[in-house]
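The listed protein sequences correspond, in order, to chains A and B.
Counted from 1, the first sequence has number 314 at position 314 by my numbering; the numbering is strictly sequential.
Counted from 1, the second sequence has number 219 at position 219 by my numbering; the numbering is strictly sequential.
FYI, nobody ran anything at the bench for these hints, they're computed from the structure.
By construction, the Cβ of each residue, glycine as well, lies at the ideal position given by its N, Cα and C atoms.
Take these hints with a grain of salt, some might be off.
With a cut-off of at most 27 angstroms between alpha-carbon atoms, the simulated BS3-like pairs for lysine-lysine come out as follows [what the hints assert, rightly or not]:
no., chain 1, residue 1, chain 2, residue 2
1, A, Lys53, A, Lys76
2, A, Lys10, B, Lys138
3, B, Lys31, A, Lys275
4, B, Lys86, A, Lys10
5, A, Lys223, A, Lys72
6, A, Lys6, B, Lys32
7, A, Lys275, B, Lys86
8, B, Lys113, A, Lys10
Label pairs and their calculated CB-CB ranges [as the list claims (entries may be wrong)]:
no., chain 1, residue 1, chain 2, residue 2, range
9, A, Leu28, B, Lys111, 46 to 54 angstroms
10, B, Gly145, A, Ala304, 50 to 58 angstroms
11, A, Pro273, B, Asn27, 30 to 38 angstroms
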Amino acid sequence: MFLSFKEIKKEKVRYGLIIGMIVLICYLIFILTSLAMGLAQQNTDAIDSWNVKSIVLDKDSNTSMAQSLITKDEVKKTNVTSDKAYIGQAAVVTKKSGRTNESAQFLGLKSNQFVAKNLTLTSGHKVEKANQVVVDDKFETDGYKLGDKIKFNSLDKEYKIVGFTKNAKLNIAPVIYGNISEWQNLKNINGQFVASAIVSKKANFKTDNKQLKTYSKSAFISKLPGYSAQNSTFTFMIAFLMIISLIVIAVFLYILTIQKIQNYAVLRAQGIPAKTLVGATISQSITLVVSGLLIGIILTAITALVMPAAVPMSFNIPILSEVGIGLVLTGLLGSLIPIRIILHVDPVSVIGG
Amino acid sequence: MTTLQLSNINKYFGTGSSRVHVLRDINFTAKKGELNLVIGPSGSGKSTFLTIAGGLQTPSTGEVELEGQSVKSMSNKQRDAMRLNKIGFVLQAYNLIPYLTVKEQFQLVKKVKKEHNLTNLSLEVLLKRLDIEDLQNKYPGELSGGQNQRVAIARALYTRPDIVLADEPTAALDSERVVEVGKILQTLAREQNTAVIVVTHDLRLVEFADNVYQIMDGQMTLNNNMKLA
Ligand SMILES: Nc1ncnc2c1ncn2[C@@H]1O[C@H](COP(=O)(O)OP(=O)(O)O)[C@@H](O)[C@H]1O
Ligand SMILES: [Mg+2]
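Here chain A stands alone, though its shape is the one from the complex (with noise of 0.2 angstroms):
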């Protein structure tokens, strides 16, 4: 410890610059993870909220709720309780004048089940009539007001928001939450079929109907249009973010410990034992990673403040605390490279002359 917060002490500028570029690799990895984070929690946000642990959809649907049809039939047997909930989805275009469309993802519900009374809003009111909507505060942001009409595709009828609730993404897309049997109407389709899908707070719900099946939440979240793929896709990118800084971190770790071996050939001269330079030199890599990963969690955070709502992030403590000891292994790792070199120090070849 003496002897590397020492050095770090007299070359400031030179452990400056290092801990500086340990920042920028920690706050690069820190960003794209939140943003990659963000990214895939806007697929589920809305199923997130409803604290569910189990889907029924039809079985013939692919795991979309978009493409499955429960019918009165199906759910004859099947008893609704206070922990199950009806929901109906259909893809819509909203339009207002004077206002962007906005591609939505209407979900109807049925008032008198949770899913609609657990709803939680910041503003207005709940759905109380068949042509009131609550929506996603995407709406909000882009300018739309409680008590605005707006039309779905090209049909006629009128909906009033009257109130908006956060985190009600599925799929990317803002959710309009309405009553089930608007549904019906979008998807034009007839009081024989009661739901796109049925969710249960039980992880066990089970109907006796053939066609239908029960799919786990994780599975028909990883089922989402292009979800799985867009994670992957991240997943990989950090990954191989990780791989290089881990590399970069250790190269310089090792020419850093390079430029000190004739220092340690005196030190070894002089019979100071090789384990109290290896302690040095491990020592002064976690000192230099740790105090640039605190500086890249602060930058984080800081951004996190200013970041504009309309970018997606999402600062998983858990998961950005996994990378950063991630960072601390690497450094270590970096550090550990050249204490072979260390232990090998040949005194003599500083005594020469």
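Following the hints, position chain B with the ligands against chain A.
Relative to chain A, chain B with the ligands alone:
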């Protein structure tokens, strides 16, 4: 009392036709309380002799014994401990760690060798004698060559070694300082009962020596006549 003994030492570098015979059949004994001077021109094998004596390199043939113990038979750890506890090295160059102040050079030693070092008071006295007591907060890069060398000498004496091995300790010093360093090494030998071995081409140190050896093309001869000259 014999402290350091080199018997029949030969040292070769390289192999085949490029093999050089740097030290030839060297027999050398250093006793506590004596200042031994080894004089020789550049390239005569002085540094090689000193590093072999200090256990930093192994001779091609022959035996080095420190206080009766064969250096060859020691483990690396024991050799480290021997250098730290028993030997004070003053190297020809690069003695000091560039990112530690003069004061911290001593602190570093104290962290590794906690006991039996000079007391703060004795260190002050030594630094004053070497005329470097005002430089304690300076880095080696801020000191002249001579000042660096004197700090290196103090650094070597700080651990109160039984044997001091010094390689050209006066190379960068003017005559006045040479006399001071000569006196310090002489006092060290006589009063602290230390075995001091100095290799140098600096004849100005001869007057302080108890024994003067000459080394020429790897051969060493005792030549105490030089003291009279
Ligand atoms: N590691 C080495 N490899 C090859 N030759 C060496 C090595 N070390 C020293 N020598 C040679 O041994 C001779 C004596 O070197 P050295 O002991 O440093 O002399 P001095 O210190 O008296 O100037 C020189 O010719 C030098 O080139
Ligand atoms: Mg030499």
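Point to revise | Status of the given 46 to 54 angstroms range, CB of B:Lys111 versus CB of A:Leu28 | key: Violated, since A:Leu28 and B:Lys111 (Cβ atoms, about 38 angstroms apart) do not stay within the stated range.
**Study point:** Straight-line alpha-carbon gap A:Lys6 to B:Lys32, limit 27 angstroms
**Key:** With Cα atoms ~37 angstroms apart, A:Lys6 and B:Lys32 exceed 27 angstroms; violated.
Practice item. Confirm or reject the claim that B:Gly145 and A:Ala304 have a C-beta distance inside 50 to 58 angstroms. Key: 55 angstroms, holds
Check your understanding: Are B:Lys31 and A:Lys275 close enough, with their CA atoms no more than 27 angstroms apart?
Key -> 33 angstroms, violated
**Study point:** Hint check for B:Asn27 and A:Pro273 - Cβ pair distance inside 30 to 38 angstroms
**Key:** With Cβ atoms ~32 angstroms apart, the hint holds.
Practice item. Below or equal to 27 angstroms on CA atoms is what counts here, so check B:Lys86 against A:Lys10. Key: Distance ~31 angstroms between B:Lys86 and A:Lys10 Cα, so the pair is violated.
Check your understanding: Hey, B:Lys113 versus A:Lys10, does the alpha-carbon distance stay inside 27 angstroms?
Key -> Between B:Lys113 and A:Lys10 the Cα gap is close to 24 angstroms, so the pair holds against 27 angstroms.
Review point. Quick one, are A:Lys10 and B:Lys138 close enough, alpha carbons at most 27 angstroms?
Key: At roughly 11 angstroms apart (the allowed maximum being 27 angstroms), B:Lys138 and A:Lys10 satisfy the hint.
Point to revise | Holds or violated: A:Lys275 to B:Lys86, with C-alpha atoms at most 27 angstroms apart | key: Status holds; Cα separation ~20 angstroms.
Review point. Are the Cα atoms of A:Lys53 and A:Lys76 separated by 27 angstroms or less?
Key: Since the Cα atoms of A:Lys53 and A:Lys76 sit roughly 22 angstroms apart, the hinted pair holds (cutoff 27 angstroms).
Point to revise | Agreement of A:Lys223 and A:Lys72 with the hint, judged by alpha carbon distance not exceeding 27 angstroms | key: This hinted pair holds, its Cα atoms lying about 25 angstroms apart.
Going through the hint list in order, the structure does not satisfy hints 3, 4, 6, 9.
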